[in-house]
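Position chain B against the provided structure of chain A, taking the given hints into account.
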Amino acid sequence: MITLTDVHKSFGSKRVLQGLTLDVPKGQSLVVIGGSGTGKSVLLKCVLGLVTPDSGQITVDDQPLDRTTREAFLEKFGMLFQGGALFDSLPVWQNVAFRLLRGTLKRPKAEARDIAIEKLRRVGLSPETAYLFPAELSGGMQKRVSLARAICANPNIIFFDEPTTGLDPIMSGVINDLIREIVAEMGATAITITHDMTSVRAIADQVAMLHDGKIRWVGPVGDIDTSQDPYVDQFINGRAEGPIEAVR
Amino acid sequence: MSILAPVALLGRSVLELLASIGRVSIYTGQAISHLFRPPFYPREFLNALIQIGWLSLPVVGLTALFTGGALALQIYAGGSRFQAESVVPSIVAIGMVRELGPVLGGLMVAARVASSIAAEIGTMKVTEQIDALTTLSTNPMKYLTLPRLLAATLSVPILVAVGDSIGVFGGYLIGVTRLGFNPATYIENTINYLELWDVLSGLVKGAAFGFIVALMGCYHGMNSDRGAQGVGHATKSAVVSASVLILAANYILTEAFFSS
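Residue numbers (this note's numbering), protein chains in the order written: chain A, 76 to 323; chain B, 3 to 262.
For reference, chain B alone in the conformation it holds in the complex:
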C-alpha cells in the first residue's frame, strides 16, 4: 500500500462530500425555483399535510409529554442542590420551547417522515413510476417534491407548538403530582418567565427542520439505486442525513438567535 493512500482516501472522501453538497444544493435550488411557477398540485399538498403533519402528531405529542416530565424531575433534582427547586416551571418551559420541543420534534419527524418519503419515492423510481410521471407531462419535482417540502415546512412548526404545549403540560403534571408544586404557582411561573421570542424561535427552528426532513427524504428517494437494497440505502441515508442536519441547523440557529 502506498504511503499516500490515506491522504488519497481522505481527499476522495472530501471530494465526494463536496459533490454531495453541490448535488443537494442544486436539487434545493430546482425545488425552490418551482415554488412560484404553475402548475400547482393542491391535492398532493393536502395529502402531504395529512401524512407529515397530522399523522406525526401522536409520536411528537408522546415524545414531548415524557420529555417534559423527565425534564421537571431532572431540574428539580439538580436545583435542590442549591435550593433552586422553584425554577422548575420556568426552565421546563424555556427548555421545551427553545430546544427540546423543536429538536426532538424534528428528530421524531425525521425518523417517521424522511424514511417514509425516501422509501415511497425510491420505490416509485425503481418501478419506473417517476419516468411514467414525466411521460404523462407531469414534472416529478413539482408533483412529488414541492408539495412535501411545503407541507413539512408549514406543518412541523405547528407540530412543534403542539409538542411545546404538551411538554410544558408534562412538566406541570409531574411538578404538581410528584414534586409538590402548587398548580396556580406553577402556571404563573411558567407564564411569567416565558418570552414571546422563546416560542417564536422554536417555531422558526421547526420550519427549518421540516424543510430539511422533506428535502432529505425527497432527495435520497429521487436518487435511490435500483432494487430493494437501493431503496433501503436511500431510506437510511435520508434519516441519518436529516437527523445530522437538524442538529447542525439547531446549533447554527441557536447561535444566530441567542449568542448575544
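If we strip away everything but chain A, and leave its shape as in the complex, we get:
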C-alpha cells in the first residue's frame, strides 16, 4: 500500500501540494484526475524522490520512503512517462531490457533480449521493432515500448503519467486496454494521472480528484458520475462554468 500523509510542496511562492493525503491499496488501480498545474506530476515525483516534499510522510507497505527504502522500492517499480522518455541512443530492445542489462537484475545479454522481445510482443509490437531506434517509431509505438519497459522486470508498482496524451482515439483505446490487462494480470498497484476521461473509465478501480493541492474527492470509478461533488462534476463533464476556474 502506498500512503501519502499531509504532503506539502511549494516551488518559490507557488504552493503546489497543500496537505495532500491519499491511500492506494495494494493491487488497486488508482487514477488521479485534476486540471493542468494542480500538482498531479509533482505527486508522482514526490513518491519517486525526484522532488523532495517540504513536509509530510510517504510510506510504501508502512515503510517510510527514505534514501535506502526508496532504492528497494524502485527495484520493483515501473513507469510509463508522458513522452515515453525512451533513450535515443539505445535500440528498442535495450530500452525495454534496460534494467536487465545492468544493476542487481543483470542477466546475460541474449536472455535480456529474449525477455525484451517477449514484452514487446505483449504490448503488440513485432520482434523486428526490437532492433529499431526510438526516433524511427510513431508516437503510439513509443508509448507501447515505454509500457514494455515499465513491465519488463515484473514490477509490483507501476505509475502511468498521461498514458494517452497525443494519441489518436484508437491508439488511446489500445493503450488503455493494455494497461488494464497488464495491471490485472500482474496484480500490480498502479497510479495513473490523466485528463482523459475515457482512460479513467477504462483503467481505474478508484479515482481521486486533485484540486488546490489537496484530494478533493476519492471513490470507486463507478461512483464518479454520481459523486455530487461540483468540482468532479465540472471536470468530468468538461464544463467551463463551475467552481474550477477555467483560466488559472
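These are calculated hints, taken from the structure and not from any lab test.
Treat the hints with care, as some may be off.
Here are the computed distance ranges between Cβ atoms for each label pair [claimed, not checked]: (1) A:D243 - B:S4: 27 to 33 angstroms; (2) A:L165 - B:A72: 40 to 46 angstroms; (3) B:T179 - A:L165: 48 to 54 angstroms; (4) B:G31 - A:K89: 27 to 33 angstroms; (5) A:E316 - B:R228: 28 to 34 angstroms; (6) B:A72 - A:S111: 57 to 63 angstroms; (7) A:E211 - B:A250: 40 to 46 angstroms; (8) A:T179 - B:A72: 51 to 57 angstroms; (9) B:G31 - A:G131: 25 to 31 angstroms.
Think about it this way: if two alpha-carbon atoms lie no more than 30 angstroms apart in a straight line, the pair counts; the simulated DSS-like pairs of lysine-lysine are [said to hold, decoys possible]: (10) B:K144 - A:K184; (11) A:K289 - A:K101; (12) A:K101 - B:K238; (13) A:K151 - B:K238; (14) A:K151 - A:K120; (15) A:K181 - B:K238.
The structure displayed is predicted, hence computed values, not measured ones.
In this text, a Cβ means the ideal position worked out from N, Cα and C, and glycines have one as well.
Just chain B, lined up with the frame of chain A:
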C-alpha cells in the same frame, strides 16, 4: 532609480556568481564521490572515450598542424630581426608542448565536446530521460556524468600528445619547405632543447582541461531549463564556461609549474 541600484546590482551578481561556484563545487564533489563506489558502467565509459577522444582527433590534429606552421613563420620573422632564426625548431617545440598544444587542444575539445555533452544531457533532461534513469534504479551521476568525466580526463592528454607531435611536425614542414632549414638540423634542435617536463606539464594541463570540459558539459546539461531555449542556453553556457575555465586553469598551472 535609487542611487544604490548599481551597488545592489553588483551585489546580486557577486552573490549569483558565488552561488554558481558553490553549485558546481557540490556537483564536482558528488561526481568524484561516485568514482570508487560501484556500480560502474564500462560500456558508457568506452562510448565516451570514442566520442570525446577518438572523434576529436581530426579537429585537434588540424588545429595543431596549422598552429605549428604559423608559429614557425612568426618565430622566423621575429627572430630574423636579431639574427636568431635558428631558434625556430626549439621555440616551436617548446611553445607547442607547453602552451599551444594543450590550450588550443582544450579549447577545440571544449567547442566540440562540452557543447555536445550539454545538448545531449539537456535534451535527456527536458524529455524526462534523466527521470526515467532514476526510476530504472540507475543513478544519472554514475551513468551519465562519471563516464564522461573519466573519459575526458584520460583522453584529452592523449589528444594533446598527438596534437603536440602534429604541431611540431607542422613547424618542421614549414621550416624545411619554406624557411630553408636542413631537415636533420631541425629535428636535432627540436630534440636537444625539449625537456621531459615540457611535455609532461602539457599533458597534465590536458588532463585538467579534459576534466573541465566534461564537467561543464555535464553540469550545464543536468541543469538545463525546459524547452529548446533552455537546451540552447545550457549548450552556450557549457562552451563559454569551459573555455574561460581552461584559460584560467592554464594560467594557474603555468604559474605553478614554471614561475620559479
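Against the structure, the hints:
1. Roughly 57 angstroms separates the CB atoms of D243 of chain A and S4 of chain B, a value that falls outside the hinted 27 to 33 angstroms.
2. For the pair L165 of chain A and A72 of chain B, the supplied restraint of 40 to 46 angstroms holds, since their beta-carbon distance comes to about 43 angstroms.
3. In this structure the hint that T179 of chain B and L165 of chain A lie 48 to 54 angstroms apart at CB holds, the actual value being about 49 angstroms.
4. Hint check: G31 of chain B to K89 of chain A, Cβ distance near 30 angstroms, so the stated range 27 to 33 angstroms holds.
5. At about 32 angstroms, the beta-carbon gap between E316 of chain A and R228 of chain B stays in the expected band of 28 to 34 angstroms.
6. Taking 57 to 63 angstroms as the suggested C-beta distance range, the pair A72 of chain B and S111 of chain A conforms, at roughly 58 angstroms.
7. Evaluation of the 40 to 46 angstroms hint for E211 of chain A and A250 of chain B yields a pass: the beta carbon distance comes to about 44 angstroms.
8. At roughly 56 angstroms, the beta carbons of T179 of chain A and A72 of chain B sit within the given window of 51 to 57 angstroms.
9. The given range of 25 to 31 angstroms is respected by G31 of chain B and G131 of chain A, whose C-beta atoms sit roughly 29 angstroms from each other.
10. For the proposed pair K144 of chain B and K184 of chain A, the alpha carbon gap of about 21 angstroms is at most 30 angstroms, so the pair holds.
11. At roughly 22 angstroms between alpha-carbon atoms, K289 of chain A and K101 of chain A fall within 30 angstroms of each other, so this suggested pair holds.
12. Straight-line distance between C-alpha atoms of K101 of chain A and K238 of chain B comes to about 47 angstroms, which puts the hinted pair past the 30 angstroms bound.
13. Restraint check for K151 of chain A and K238 of chain B: the C-alpha separation of about 39 angstroms exceeds 30 angstroms, so the hint is violated.
14. A threshold of 30 angstroms between alpha carbons decides the hint, and for K151 of chain A with K120 of chain A the separation of about 16 angstroms falls inside it, so the pair holds.
15. A hinted pair counts as satisfied when its Cα atoms are at most 30 angstroms apart, and K181 of chain A with K238 of chain B does not qualify at roughly 38 angstroms.
Figure legend: structure checked against the earlier numbered hints; hints not met, in rising order: 1, 12, 13, 15.
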